[in-house]
Amino acid sequence: MKGARGLIAEAIYALRSSPRLIIGSSIFFFYVVLAVIGPLLYPVDPRKPTFEHLQPPSLQHPLGTDILGRDLFAQLIHGTYYSLKIGFMAAILTSILGIMIGGVGGYFGGVIDDLLTLITNIFLCVPTIALLIILAAYFRVRSEWIVILLLGITTWPSMARSIRSQILSLKVREFVDTAKLCGMSSLKILFREVLPNMLAYIVMYFILNIAIAIVSEAGLSAIGLGPTEIISLGMILRWAIVWEAVRYGAWWWFIPPGLSITLISLSLLMINDALDKLYNPRARTTR
Amino acid sequence: MTHWISSIILEHGLPDDEGVGKMLLRAIDLKGGYAIRSGFVKAVDGCSLTLSEGEILGIIGESGCGKSTLGKLLMGFTMPPLKLLNGKALIEEIDLYSYDLEDRRRFWGSLISMMPQYSMNALNPTMKIKDFIYDFLKHHKRDITREEALEIASDRLKSLNLSPNVLDMYPFELSGGMKQRVVIMVSTLLNPKTLICDEPTSALDVSTQRVLLELLYNMVKLEKIVSSMIIISHDVAAISQICDTLYVMYAGKIVEKGSLNDIIEEPLHPYTKALISSVLTPEERVRRGKITGLKGAPPDLLNPPVYCRFAARCPSAFSKCKQAEPPLIRIGNREVACWLFSGE
Amino acid sequence: MSILLRVEKLTKIFTAGGIFGSKMKVMAVNNISFECGKGEILGIIGESGSGKTTTMKMILKLYKPTEGKIYFQGKDVWTIPSKEYYRHVQGVFQDPYSSINPVYKVRYLFDNIFDNLLGDIPVDERREILNEVLDRVQLKAEEVLYKYSYELSGGQLQRVLLAACLLVNPELIIADEPTSMIDASMRVAILNVMKSLKEEEGNSIIFITHDIGQAFYVCDRLLVMHKGEIVEEGNAEEVVFHPQHPYTKRLIADVPKLGKKLILRR
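Residue numbers (our numbering), protein chains in the order written: chain Z, 879 to 1165; chain G, 2 to 345; chain F, 8 to 273.
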């Protein structure tokens, strides 16, 4: 009981003392709400063409329409949903792979570590974007899960490396010795003693991964290698490029999605920044 | 001349009292502490102190007794969250607290200087020692040049029998003892009237400690680089080597004052007695395995008792002890804050 | 007196450096041998870098010796499975803040010990035993169990770690500066607890410190270590009042004493 109240009190204190956290979380929260509640409050089919082509924003179409007369606000809502979903799931995949490979290698050392580090280094040397492009082009039809998979398996190496070095330094800390003296097995020590000490770091890296995945997906989509069956923010941009929205002066087509991608990643980075200051009191400036 | 003096000292040990002169520092009823969420912790609750020229005063006490806070209040170092509630600190008749915090800065380093705890770890790792010294001197004398600073520093190092080579080194190249000596040297570069040292010998090994204590002693008594010194420590045996006077602190108050020999040989206050008997040294005086320590802990300074603060743990406590707080009572040339001495 | 622990020609060399550069070797412990008897408090005195902490970690099976053997009750310690070994041998490390996992509250440490080493104690008896053990080091359960390590003072944490040892009640406790952060007045009380462990229950303690005064107060025998070697060994009074080795002589001479003032050396 006391613990929960303490945590909430701490969270409130954190929110109050960091404008960055407030702004970042608000922006991100806004987009999450948009993605989840949006379709209920604005049940317009984003793929339905109408006869109102390239209309600027109006009461009927708050963000205007594209060249096929499809409502852009509806597209933004759906796009946000899928971008966030892909970003989140890809980040989970990256984090699981990164923690497992980096963690096991770092903690157990020896041959296992040498092998896992070798694999990590090979993956690190391969240019991510090129790999992504080649793999994406290989699949003619790409569901969102294929994209999630692709993003996950190309971004885990750098996280694995960071996790490994954190574990290397944690494993020689004295509380690990104390745990050994209590008779704990190595595996128990890794999961119960070492990893929880990295929780802050893992959370921050995870948030960073979401931002990276969202931007990567947008990049893939923009060159036509994104998910083929759904609308994501990157897909809207793709259509804007293909249909030469700039030439038509249809700013309401490409600015909202571009701005949204930027704001979502920016808000995530702001949250990360605030968390960093929270977890590293030494990094805080004195008042 | 110094060779002759040092050979005499070699034979007979250090002289007991090197002629203590006029009064330099005077603190009257200092009260101060820290504001925390649940209230105000009065770390120092009514302490008065006098320090004379040529005197080395030791403030002993255990953790939480307020001795570090007292050191800071003595020089007017009331950086937040430390706050002065009441009292005066006069150095050479200059009333420190009549100046603003910002104005007090010009006295720090030049008139009164402090070496805080762990200061040897505060040396900037990216600056060579000579650059650090130049920085420090420039703060006090705007127009000083690097060469002048270097000269002042080398002269001082030579007079303290330290190698001038350290000037070209980075802090990480120096051992703990060397770093501590560098810090002492820099904090006394402008020949302040008083140097306050907070735990100067902690984290040093025994041989380095000894060298350091000798250095501190020389600076006051032989070289007269500083006119007087206050040493704050929990290590009674260490500071008893060079102090003339001892003040014993407990729970924010000074409970006993007196000359070093008096207090060590015949402690009056029950706390002082317990403290001195708990000092473990490899000597005959230590009855191996048969000393009893004190039970319990000092009172909470958020809500201290209105009566004697030591009463709860005192083996000689009687009725009056739980009624009122004893003032400092004069016995000969000592002072004790204990009802046992209130006139029987 | 029967021998509990025997250390024979123990050496530890640390290597640092990569595949391409030359490997740097540091000999932390150099061919030391000593014994600790049952019901004895053995002091290991040395300054930082003397190898005393490394020795402790080797006895606690946290480092593997480069050479030499360690025998506990006649058996090579590396043949004893860890869970069993740590019921007989326990340790207290120097820095209490590093020794307790900052993510968990203090009670986690005791729960761990109960779960992993003392599984045969029924759950409803745990609280009582814990209270008793904390009381011996002058701590109250409510004051410490539900706090994080950074919320407690160094002195409190050191007593917590000692209490954890007392809980296991091993035949041999190795304590590295166990009272360094405890105030002088309470320190004697804690040292007395150690003494009573030896006198009343027959535990042995290896007391590692650089503070000769404390070692003199509580230890029966003393070992003096310098640069990885044992330079002197003997009864506490012998070593302190009649040191033989020049290093020991200098060490004892440099310790500040209340009875004798410093003499300047030039």
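In case anyone wonders, no lab produced these hints; they're calculated from the structure.
Fair warning: there could be bad hints in the mix.
Straight-line C-alpha distance at most 30 Å; calculated DSS-like pairs for lysine-lysine [stated by the list, open to error]: (1) Lys1155/Z <-> Lys147/F; (2) Lys274/G <-> Lys112/F; (3) Lys234/F <-> Lys256/F; (4) Lys264/F <-> Lys1058/Z; (5) Lys234/F <-> Lys1049/Z; (6) Lys1066/Z <-> Lys30/F; (7) Lys32/G <-> Lys274/G; (8) Lys71/F <-> Lys234/F; (9) Lys71/F <-> Lys291/G; (10) Lys274/G <-> Lys264/F; (11) Lys1066/Z <-> Lys256/F; (12) Lys30/F <-> Lys1049/Z; (13) Lys296/G <-> Lys30/F; (14) Lys291/G <-> Lys32/F; (15) Lys147/F <-> Lys296/G; (16) Lys268/F <-> Lys1058/Z; (17) Lys45/F <-> Lys1066/Z; (18) Lys76/F <-> Lys1049/Z; (19) Lys291/G <-> Lys267/F; (20) Lys1058/Z <-> Lys256/F; (21) Lys1058/Z <-> Lys154/F; (22) Lys76/F <-> Lys1066/Z; (23) Lys267/F <-> Lys1058/Z; (24) Lys154/F <-> Lys296/G; (25) Lys264/F <-> Lys225/G; (26) Lys222/G <-> Lys268/F; (27) Lys268/F <-> Lys45/F; (28) Lys30/F <-> Lys82/F; (29) Lys23/G <-> Lys159/G.
message: Hint compliance check: list the failing hint numbers for this structure, sorted ascending.
response: 1, 2, 4, 6, 9, 11, 13, 14, 16, 17, 20, 23, 27 and 28
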